[in-house]
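Listed below, chain by chain, are the residues.
There are 2 protein chains.
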Amino acid sequence: MQVRLVGGETETHPMAVYRTELNPADFLTRSAWIYPAKTAIVHGERRYTYRQFAERVNRFASRLRALGLQKHDRVAVLSPNTPAMLEATLAVPAAGGILTALNTRISTPEIGYILEHSGAPFLFVDHELEPMLTGLDLSGLTVVRIADTGLPDDPYEEFLAAGSPDAVASWLEDEYEPLALNYTSGTTGRPKGVLYHYRGAYLNALGEVIEAGLSRDSVYLWTLPMFHCNGWCFPWAVTAVGGTHVCLRRVDARRIWELFDSEGVTHYCGAPTVHITIVNCEYAHTLPRPVTGLIAAAPPSPTLMAQLRALNLHPVHVYGLTETYGPMTVCERRPEWAHLTDEEQATFLSRQGQAYIVGDLVRVVGEDMADVPRDGETLGEVVMRGNNVMLGYYKAPEATAEAFRGGWFHSGDLAVWHPNGDIELRDRSKDIIISGGENISTIEVEQALMAHPAVLECAVVAVPHPHWGERPKAFVTLKPGQSVTEGELIAFARSRIAHFKCPDTVAFGDLPKTSTGKVQKYVLREREWAGHAKRIN
Amino acid sequence: MQVRLVGGETETHPMAVYRTELNPADFLTRSAWIYPAKTAIVHGERRYTYRQFAERVNRFASRLRALGLQKHDRVAVLSPNTPAMLEATLAVPAAGGILTALNTRISTPEIGYILEHSGAPFLFVDHELEPMLTGLDLSGLTVVRIADTGLPDDPYEEFLAAGSPDAVASWLEDEYEPLALNYTSGTTGRPKGVLYHYRGAYLNALGEVIEAGLSRDSVYLWTLPMFHCNGWCFPWAVTAVGGTHVCLRRVDARRIWELFDSEGVTHYCGAPTVHITIVNCEYAHTLPRPVTGLIAAAPPSPTLMAQLRALNLHPVHVYGLTETYGPMTVCERRPEWAHLTDEEQATFLSRQGQAYIVGDLVRVVGEDMADVPRDGETLGEVVMRGNNVMLGYYKAPEATAEAFRGGWFHSGDLAVWHPNGDIELRDRSKDIIISGGENISTIEVEQALMAHPAVLECAVVAVPHPHWGERPKAFVTLKPGQSVTEGELIAFARSRIAHFKCPDTVAFGDLPKTSTGKVQKYVLREREWAGHAKRIN
Chain A
1 MQVRLVGGET
11 ETHPMAVYRT
21 ELNPADFLTR
31 SAWIYPAKTA
41 IVHGERRYTY
51 RQFAERVNRF
61 ASRLRALGLQ
71 KHDRVAVLSP
81 NTPAMLEATL
91 AVPAAGGILT
101 ALNTRISTPE
111 IGYILEHSGA
121 PFLFVDHELE
131 PMLTGLDLSG
141 LTVVRIADTG
151 LPDDPYEEFL
161 AAGSPDAVAS
171 WLEDEYEPLA
181 LNYTSGTTGR
191 PKGVLYHYRG
201 AYLNALGEVI
211 EAGLSRDSVY
221 LWTLPMFHCN
231 GWCFPWAVTA
241 VGGTHVCLRR
251 VDARRIWELF
261 DSEGVTHYCG
271 APTVHITIVN
281 CEYAHTLPRP
291 VTGLIAAAPP
301 SPTLMAQLRA
311 LNLHPVHVYG
321 LTETYGPMTV
331 CERRPEWAHL
341 TDEEQATFLS
351 RQGQAYIVGD
361 LVRVVGEDMA
371 DVPRDGETLG
381 EVVMRGNNVM
391 LGYYKAPEAT
401 AEAFRGGWFH
411 SGDLAVWHPN
421 GDIELRDRSK
431 DIIISGGENI
441 STIEVEQALM
451 AHPAVLECAV
461 VAVPHPHWGE
471 RPKAFVTLKP
481 GQSVTEGELI
491 AFARSRIAHF
501 KCPDTVAFGD
511 LPKTSTGKVQ
521 KYVLREREWA
531 GHAKRIN
Chain B
1 MQVRLVGGET
11 ETHPMAVYRT
21 ELNPADFLTR
31 SAWIYPAKTA
41 IVHGERRYTY
51 RQFAERVNRF
61 ASRLRALGLQ
71 KHDRVAVLSP
81 NTPAMLEATL
91 AVPAAGGILT
101 ALNTRISTPE
111 IGYILEHSGA
121 PFLFVDHELE
131 PMLTGLDLSG
141 LTVVRIADTG
151 LPDDPYEEFL
161 AAGSPDAVAS
171 WLEDEYEPLA
181 LNYTSGTTGR
191 PKGVLYHYRG
201 AYLNALGEVI
211 EAGLSRDSVY
221 LWTLPMFHCN
231 GWCFPWAVTA
241 VGGTHVCLRR
251 VDARRIWELF
261 DSEGVTHYCG
271 APTVHITIVN
281 CEYAHTLPRP
291 VTGLIAAAPP
301 SPTLMAQLRA
311 LNLHPVHVYG
321 LTETYGPMTV
331 CERRPEWAHL
341 TDEEQATFLS
351 RQGQAYIVGD
361 LVRVVGEDMA
371 DVPRDGETLG
381 EVVMRGNNVM
391 LGYYKAPEAT
401 AEAFRGGWFH
411 SGDLAVWHPN
421 GDIELRDRSK
431 DIIISGGENI
441 STIEVEQALM
451 AHPAVLECAV
461 VAVPHPHWGE
471 RPKAFVTLKP
481 GQSVTEGELI
491 AFARSRIAHF
501 KCPDTVAFGD
511 LPKTSTGKVQ
521 KYVLREREWA
531 GHAKRIN
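From first to last, the protein sequence lines stand for chains A and B. So in the working numbering, spot 121 of the first sequence is number 121, and the numbers just go up one at a time. So in the working numbering, spot 152 of the second sequence is number 152, and the numbers just go up one at a time.
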């Protein structure tokens with residue numbers, strides 16, 4: 001291959017010597033080499049060393065190929081956070097397939113749609129989730145059942161046993177080839193298939209190592225679903241440093257606290273709802289060592305931030321989308337915040353911050369793609385580009401072109417840009433409230449309500465109003481055994497934020513949520529705007 | 001740009017959205033954005049924040065362009081570890097030039113050769129090193145003197161003042177373009193110009209962040225020359241995490257201990273000779289916090305490893321060459337070593353280990369390029385490949401082809417391969433001793449002698465012997481105020497290693513060294529083999 005060395009001069013060099021395609025599957029090869037005897041996976045009573053982990057992944061990859069896997073064939077997996085799910089996340093890229101991890105909380109028709117749209121010839125399914133396939137036509141698919149026992153008669157173990165413990169030769173020719181196809185849970189319409197490239201997965205994994213502070217001593221608890229942005233690349237990141245994966249079939253707060261103690265957990269990740277569950281557990285206690293908890297998917301409240309710290313859980317606030325391999329930005333701690341009060345620090349830390357070390361700086365732009373002023377007030381859309389952006393939506397060129405218009409990925413999230421460079425989400429595109437011509441951030445209102453000690457969770461949406469156009473309405477879930485009246489809550493909010501921003505009405509009860517734990521504000525909004533032709537006023 | 005997505009299908013996507021050329025200069029842009037008020041550089045009484053650091057680098061880059069810099073023009077710098085040297089390491093890649101950092105301990109004719117060979121139109125020179133240029137024809141070069149005062153009348157500061165504080169637009173089109181040209185100090189012949197690419201510099205910087213455990217709280221002391229493999233990429237690594245660079249004009253042990261205390265240093269790097277200087281300083285004391293010291297360039301003795309740990313200095317043993325951006329391998333701590341004695345641990349830790357997370361696994365091969373047995377005994381040559389290998393030698397296609405033969409970079413270092421995958425250097429190609437048909441590793445003999453409490457440094461070379469062919473001879477420097485006889489030292493060695501490996505004679509005195517602190521065994525060997533036609537027997 002020819003490379004231009006200097007000015008117009010050209011020299012010919014054997015590029016293979018100084019180029020290796022970036023491939024996160026290689027991290028396991030190295031860790032198995034260096035830490036063969038170290039514990040790689042803990043799952044209840046089961047434990048696998050790095051040598052065993054690599055051998056199981058090699059068996060997985062070689063068996064897929066023996067069963068006819070062709071390069072870029074999709075391999076669907078429907079499983080909670082088990083060793084099999086983790087092994088698939090390493091083995092499918094190693095084999096040259098495209099991992100299609102299915103959301104475990106979607107409906108049977110949605111699974112059917114994804115299997116058909118992805119064209120996956122392979123499907124691995126956990127025994128507990130098998131009923132979700134009832135009625136689907138699986139003819140033509142190779143289906144492997146995961147009993148998750150680790151015993152020889154587990155069909156998944158039989159599948160592994162027939163493979164070879166030796167690594168397969170890599171088929172990867174270009175680090176921009178796709179290694180994963182992740183369907184977004186989407187609040188409306190059909191799910192879209194987000195294609196990940198090897199380069200992005202590799203660099204994001206390194207980004208997670210650095211931002212989370214992972215090392216060989218790390219013990220990572222799998223509270224985040226591995227189907228969600230491939231567990232934000234942590235299957236590769238934790239493996240890269242030779243850390244220990246602690247599997248977890250479901251988010252059970254008591255079990256989480258047991259594992260914090262028994263396994264010496266140092267890191268975990270999750271949406272705010274996961275952290276809320278953890279801090280409000282009756283078994284919660286201040287840990288003897290600091291534990292880093294990455295928090296994402298929606299801005300955490302200052303109140304939650306303070307609760308976490310009191311337990312020696314140290315939140316790192318990150319933000320991103322499925323299209324950006326999960327987190328793209330992080331709110332880095334600044335030394336000058338050290339002298340601020342806890343509440344002031346928490347307010348800063350609830351910002352989305354700026355790009356990871358491996359990312360390009362993100363921008364907040366207006367309709368014309370020009371930067372909004374960095375004044376902490378002007379709303380714009382968050383746009384991203386760089387090595388941690390997806391290849392595009394699979395078989396959806398129009399949607400890809402729309403998302404990539406102007407040469408940037410459009411997040412659909414609305415934010416302000418602070419003078420210090422941080423971005424701060426103020427709303428999803430459709431969640432903004434405009435009341436008497438003044439913008440109201442539903443998140444700001446939610447954070448004010450969350451500060452009340454009786455409030456577990458809340459969501460604020462716009463409701464139509466004859467005079468003001470729109471007004472905020474709050475939907476609130478209380479903590480068990482707590483009580484507060486509508487009037488008390490509104491008065492509490494008025495003590496913290498501008499009166500015009502406070503809700504006029506409060507409804508108590510459970511909140512509708514997506515399968516990944518995001519509150520479905522559109523469900524609340526649809527209910528409130530029934531009979532209206534538009535959803536703004 | 002077209003990308004093949006799945007199987008034979010092809011879709012067209014605007015690649016710019018998901019590709020950014022890897023460029024370590026971008027790390028500064030991000031850190032200045034996120035940590036504008038954080039201390040980036042400490043140099044005596046001078047301190048620069050990240051905002052100032054970035055502005056100075058922007059001024060440097062824009063001024064270079066205003067003075068006529070063309071893409072890939074070489075920019076030579078002859079300077080100790082000052083802010084100017086650090087700024088050049090960020091600014092020249094940002095401007096699109098190729099940084100040519102000159103070894104500060106080479107001779108005037110060597111500098112003349114490098115300036116001519118590199119064709120550098122720019123030369124920055126520190127005031128103290130200006131005499132090294134005496135007699136050279138510098139006509140046609142733009143020369144900027146660095147007074148290193150930071151005051152407005154410093155010519156370097158005048159150079160910066162004429163530039164713009166705003167970032168220049170990047171000219172980088174391909175991450176395989178060259179960003180640095182580093183001439184190896186070489187023990188024989190003309191120095192060779194090692195060309196670094198942006199991709200390698202970026203990935204190595206991330207590798208250093210991870211292996212050294214750098215974070216925003218890191219304070220990095222510049223004991224390693226920045227001209228040496230671009231300070232092993234630490235100018236970019238420390239900047240990436242927003243850590244603090246503490247400059248240091250020379251390795252002065254007392255000053256180092258002062259800075260350890262006054263600046264709260266957390267990390268430093270150096271060859272064993274630097275670490276030896278530090279631990280043997282009269283001001284050495286056990287530090288209240290752990291400090292990580294990367295140690296490279298030659299295998300450290302178990303004795304030195306133990307001395308470091310006693311002071312709360314935690315050695316990370318790394319190995320590489322100029323051609324691999326400095327360190328390519330690291331001896332990772334294994335959990336199963338925890339129960340070993342200090343001496344046993346130190347023996348394991350003195351191995352060169354295996355590749356960094358960002359590197360390909362290194363091999364030890366025979367003449368036929370086949371792996372040697374992983375038996376910890378069979379000698380072979382260390383070969384490397386991957387993203388942290390140079391582009392090649394500048395204007396030296398034959399030397400490049402020779403170094404890259406068989407599709408691997410040949411280190412010229414001889415090692416054994418241990419069953420656990422670690423490599424362990426046993427000698428440089430020409431330093432092996434063959435005595436009565438048995439191989440003797442000079443390093444093994446040196447480590448045995450280093451264990452004696454009176455020995456500061458030593459080197460062992462082969463000398464001709466009528467009966468055995470070759471025999472080892474030791475050259476020893478004693479610690480100040482210590483004494484030991486030749487007979488006592490030989491008896492000491494015989495108590496630790498096989499008798500045939502022990503030296504027959506010991507000479508006391510200073511050792512000849514290269515400008516980077518490596519012992520010049522070839523000088524000792526030449527002296528001993530004077531009058532012989534060959535250097536083996």
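Be careful, since some hints might not be right.
No distinction is drawn between identical chains; accordingly, a pair holds when it is met within one copy or between any pair of copies.
In silico lysine to any residue, SDA-like type, Cα no more than 20 angstroms apart, as pairs [said to hold, decoys possible]:
#	residue 1	residue 2
1	Lys479	Val251
2	Lys38	His339
3	Lys518	Glu470
4	Lys38	His418
No lab work stands behind these hints: they were computed from the structure.
Right, here's what the structure says about each hint:
In this assembly of identical chains, lysine 479 and valine 251 lie within 20 angstroms of each other by CA distance solely inside one copy; the values are 18 angstroms within and 61 angstroms between copies. Within a single copy, lysine 38 and histidine 339 get their C-alpha atoms only as close as 41 angstroms, which misses the 20 angstroms cut-off; across copies the closest is 14 angstroms, which meets it. In this homomeric assembly, lysine 518 and glutamate 470 never come within 20 angstroms of each other (Cα to Cα): the closest approach is 23 angstroms inside a single copy and 75 angstroms across copies. Taking CA atoms no more than 20 angstroms apart as the test, lysine 38 paired with histidine 418 passes between copies only; the shortest distance there is 18 angstroms, against 45 angstroms inside one copy.
Checked against the numbered hints listed earlier, the structure breaks hint 3 alone; every other hint is satisfied.
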